[in-house]
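Residues per chain, in single letters:
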Amino acid sequence: MQRFVYADNSATTSLAPDVLEKMMPYLTKEYGNPSSLYSFAAKPKMAVEHAREQVAKAINARTNEIFFTAGGSESDNWAIKGVARAMKAKKGKNHIISTKFEHHAVLHTLDALKKEGFEVTLLEVHENGLVRPEELEAAIREDTALVSVMYANNEIGTIQPIREIGEICKKHGVIFHTDAVQAVGNVHIDVEADHIDLLSMSGHKFHGPKGVGALYCRLGVLPQNLIDGGAQERGRRAGTENVPGIVGIGAAIERAVATIDERAERLSKIRDHFMDEALKIERSRVNGDRVHRLPANVNMCFEGVEGESLLLLLDANGISASSGSACTSGSLDPSHVLLSIGLKHEVAHGSLRLSFGEETTMEDADYILSVLPGIINRLREMSPLWDRIKREEAEGKKA
Amino acid sequence: MYTEQVMDHFMHPRNMGELPDANGVGEVGNAKCGDIMKMYLKIEDGVITDCKFKTYGCASAIATSSIATEMVKGHKVEEAVALSNKAVVEALGGLPAHKIHCSVLAEQAIKAALADYYTRQGIDYRPILGDLEDHDCEHCGTCGV
Numbered sequence: 001m002q003r004f005v006y007a008d009n010s011a012t013t014s015l016a017p018d019v020l021e022k023m024m025p026y027l028t029k030e031y032g033n034p035s036s037l038y039s040f041a042a043k044p045k046m047a048v049e050h051a052r053e054q055v056a057k058a059i060n061a062r063t064n065e066i067f068f069t070a071g072g073s074e075s076d077n078w079a080i081k082g083v084a085r086a087m088k089a090k091k092g093k094n095h096i097i098s099t100k101f102e103h104h105a106v107l108h109t110l111d112a113l114k115k116e117g118f119e120v121t122l123l124e125v126h127e128n129g130l131v132r133p134e135e136l137e138a139a140i141r142e143d144t145a146l147v148s149v150m151y152a153n154n155e156i157g158t159i160q161p162i163r164e165i166g167e168i169c170k171k172h173g174v175i176f177h178t179d180a181v182q183a184v185g186n187v188h189i190d191v192e193a194d195h196i197d198l199l200s201m202s203g204h205k206f207h208g209p210k211g212v213g214a215l216y217c218r219l220g221v222l223p224q225n226l227i228d229g230g231a232q233e234r235g236r237r238a239g240t241e242n243v244p245g246i247v248g249i250g251a252a253i254e255r256a257v258a259t260i261d262e263r264a265e266r267l268s269k270i271r272d273h274f275m276d277e278a279l280k281i282e283r284s285r286v287n288g289d290r291v292h293r294l295p296a297n298v299n300m301c302f303e304g305v306e307g308e309s310l311l312l313l314l315d316a317n318g319i320s321a322s323s324g325s326a327c328t329s330g331s332l333d334p335s336h337v338l339l340s341i342g343l344k345h346e347v348a349h350g351s352l353r354l355s356f357g358e359e360t361t362m363e364d365a366d367y368i369l370s371v372l373p374g375i376i377n378r379l380r381e382m383s384p385l386w387d388r389i390k391r392e393e394a395e396g397k398k399a
Numbered sequence: 001m002y003t004e005q006v007m008d009h010f011m012h013p014r015n016m017g018e019l020p021d022a023n024g025v026g027e028v029g030n031a032k033c034g035d036i037m038k039m040y041l042k043i044e045d046g047v048i049t050d051c052k053f054k055t056y057g058c059a060s061a062i063a064t065s066s067i068a069t070e071m072v073k074g075h076k077v078e079e080a081v082a083l084s085n086k087a088v089v090e091a092l093g094g095l096p097a098h099k100i101h102c103s104v105l106a107e108q109a110i111k112a113a114l115a116d117y118y119t120r121q122g123i124d125y126r127p128i129l130g131d132l133e134d135h136d137c138e139h140c141g142t143c144g145v
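Order-wise, the sequence lines are chains C and V. 399 is the number that the working numbering gives the last residue of the first sequence; the numbers go up by one with no jumps. 145 is the number that the working numbering gives the last residue of the second sequence; the numbers go up by one with no jumps.
Extracted from the complex, chain V is given alone in its bound form:
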């Protein structure tokens, strides 16, 4: 069901943990739906010098968050802003159709952490990231709970 890349990132997650000196932290998802992703970014001079994640969820949730950290770590903030869920799926060699939402969550987790970073800098993130979706269970609607 899963590609080798997904299983590799699930079995050997990269950059798992917390980042005490992070200057951008974002959390998306909720326990009721079965997945929560938390992203920690450390941004210096416009570059993401470190990135860590913590995820509660299925194998693809863990794998998408793991690979997302690799895709932004060491990269410029602008590149992280442009990270799409599609790129995450491609990097993993594909995801089953009903797991695509995990990649969306990974993109949103990175964006939420960036939004937190901009807010801490006194910058309005909306012109840069757009309006971030609300991930309350009541607004999600995908699982009908």
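Extracted from the complex, chain C is given alone in its bound form:
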């Protein structure tokens, strides 16, 4: 039987069996609506509040600062639109600072706000994929309503200087939101020490279920509602609670946070081994800072090949991976993240993202390494672009 290696944990993760087990009663017999008064609804209600404690504890927040949502995108939309609109209405503030390589859940939300008249400054992330705190500080204005900087990038895995950013925001009295969808469960997060005012997360990125997320919102920070309706979530996020999902995200974050250190140590070894070996392939490069990086993220470019072809040939070998090429992004442009760190289009088209996870072994990485050079050679043999690169290389040597 062909080997199967799942290396796309940044896209989604498996639902952990022990998490599913905790969800099962709420998918079956404990179906009561937590808002109901009768005793049959007491258990689901308690389960939701227990999950809130689990999420709060994982990031050093208070339980009344946690609000459940339908996922990371909703949390980002709510935090950004909610704070921006509230700050405009209350204080006339009209300016938002973010970065060029945010997830589309942030960037497209900012585009929507621009149409409402907001001004947006997107910070450069430079060749290493890191925001420079001094550039953030310089961009803050009198009318800055919000700073939104992702905790860790979803494509190149770079971890931002969140604490420094938080301190700057606190100093200037600006609200600070971070999209921590890729970071939660993979790095230690402390919203107090990091001075984070709002934080988005998504359950299925750390072995919880899909369709559930959370927004941490510091006491006293009052974003406008995104979803109006019933009085759930203390009147701030309407809709009958997704009880099994909420139980799932609570159980998943607890188990993920408990194993961060051992996983980080094990996976960063696999990651570094992979990158060192794959860099032996001619004309390859690692994208993003190698030190300030998620422990399980690999992002590399191989010149002269195109990402979609690379992914399909990996898939033919049982390997699930991702790329930032135009053909895989669903648009005609390669990934905005790779362009934001200064890659040329033709180099960005040849990108490969591997995101390892708790199930990944060193043998899995070695298996990928055993097939990758052959696949790249095969595509390069077909590639007129590779011929050109080699020709220019030879001419360069002569000159």
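You can take every hint at face value.
Here are the simulated SDA-like pairs of lysine to any residue, each with C-alpha atoms no more than 25 Å apart in a straight line: (1) K390/C x A22/V; (2) K42/V x D387/C; (3) K390/C x N30/V.
Hints listed in this document are in silico derivations from the structure and should not be mistaken for laboratory results. Just so you know, these numbers come straight off a predicted model, no measurement behind them.
Assemble chain V onto chain C, guided by the hints.
Then chain V, alone, in the frame of chain C:
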């Protein structure tokens, strides 16, 4: 997402490589947009006796160029002139909407190679093939770079 035919041509490309004695060579596309196709034709007595391709691009770019070589190899030059991107798409059992441009590229690669052939013969290709589009990034506009 892809038909069996596309996957077959992607996994097992036909006529891949270079043709040293080609008398018509054409290259279209550009690296910035993520696909380049190069076609080699060997034409003798009005018949395409051999055809090879090299392609940098996604699976559908590789598959369309592979099947295009099969559709012209062994055929008369006039038939290659008449090859349309639609015929390429049909032969592959369809392409996703956002990949249709790959079939256009395959048609254009064949036409560019034919144009080169005619030019080498001292024949003005324009009455036969029409004005070939310019494929510089600046003139394409499809991806907005």
